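Asks: Residue-level listing of the chains:
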Amino acid sequence: MFVVWEPILSTDWSPPTTFVLGRIPDLRVQQYWDPEHLIAKKLAADRRAPQPSEDCCEQDGILWDLVALYPKGATWNDRLPVAVLFNGPVVDVKADIESRIVASPALISRFAGPGAVY
Amino acid sequence: MGLAKRGWLVLAIAVALAAALGRQQFGTHNTPTGQPALLHLAPDSVETLRADFNKATADVRLIALLSPT
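Chains as they are written, first to last, in my numbering: chain A, 38 to 155; chain B, 1405 to 1473.
Please keep in mind that the hints were generated in silico from the structure rather than gathered at the bench. Please note that the accuracy of each hint is not assured.
[Unchecked claim] Simulated crosslink set (DSSO-like; lysine-lysine; CA at most 27 Å straight-line):
| no. | chain 1 | residue 1 | chain 2 | residue 2 |
| --- | --- | --- | --- | --- |
| 1 | A | Lys-78 | B | Lys-1459 |
| 2 | A | Lys-79 | A | Lys-109 |
| 3 | A | Lys-131 | A | Lys-109 |
| 4 | A | Lys-131 | B | Lys-1459 |
| 5 | A | Lys-131 | A | Lys-79 |
| 6 | A | Lys-78 | A | Lys-109 |
| 7 | B | Lys-1459 | A | Lys-109 |
| 8 | A | Lys-131 | A | Lys-78 |
| 9 | B | Lys-1459 | A | Lys-79 |
Since we're looking at a predicted model, the values are computed, not measured.
Given only the sequences and the hints, what does the whole structure look like? Please build it.
Replies: Okay, structure coming up:
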């Protein structure tokens, strides 16, 4: 899991503090500070069918409070791969994330392409 | 030591401890023990995230965009 922190609100003066970073204690997580919104801009630029469209999650043209879920086998070459879930706010899509992680191979293959491994 | 002075001393120690804890929690940028350190992204380091993403193709991957406050 890749958590990308970016300054969106007027109170986001600095990188996330130890207190904030500690809210995500899972050791499998890599956390990033992205002051220039590079990943948000990349996610926006690489959106394409059949990736689902987000219902929300833009402030001043920058994506935020959003989750993108990618199946096994998907690779990021020149463009990010197509996400099977691309939506937010994060707190509202938790159940959706869990259901996608255990989705059927048929659903995943629709997004991952012929080379995907399940 | 009189009770009043002892009380002030206890209060001073409590304030110092609270300040130290506050500085540690809100003045530093450390990830939880055992987790990789926070990485600062710049145009020439987005490749780091891409490489990490592609190293994990055997897994489902999730990218979350969040605001610190």
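Asks: Check the structure against each numbered hint from earlier and tell me which ones fail, lowest number first.
Replies: none
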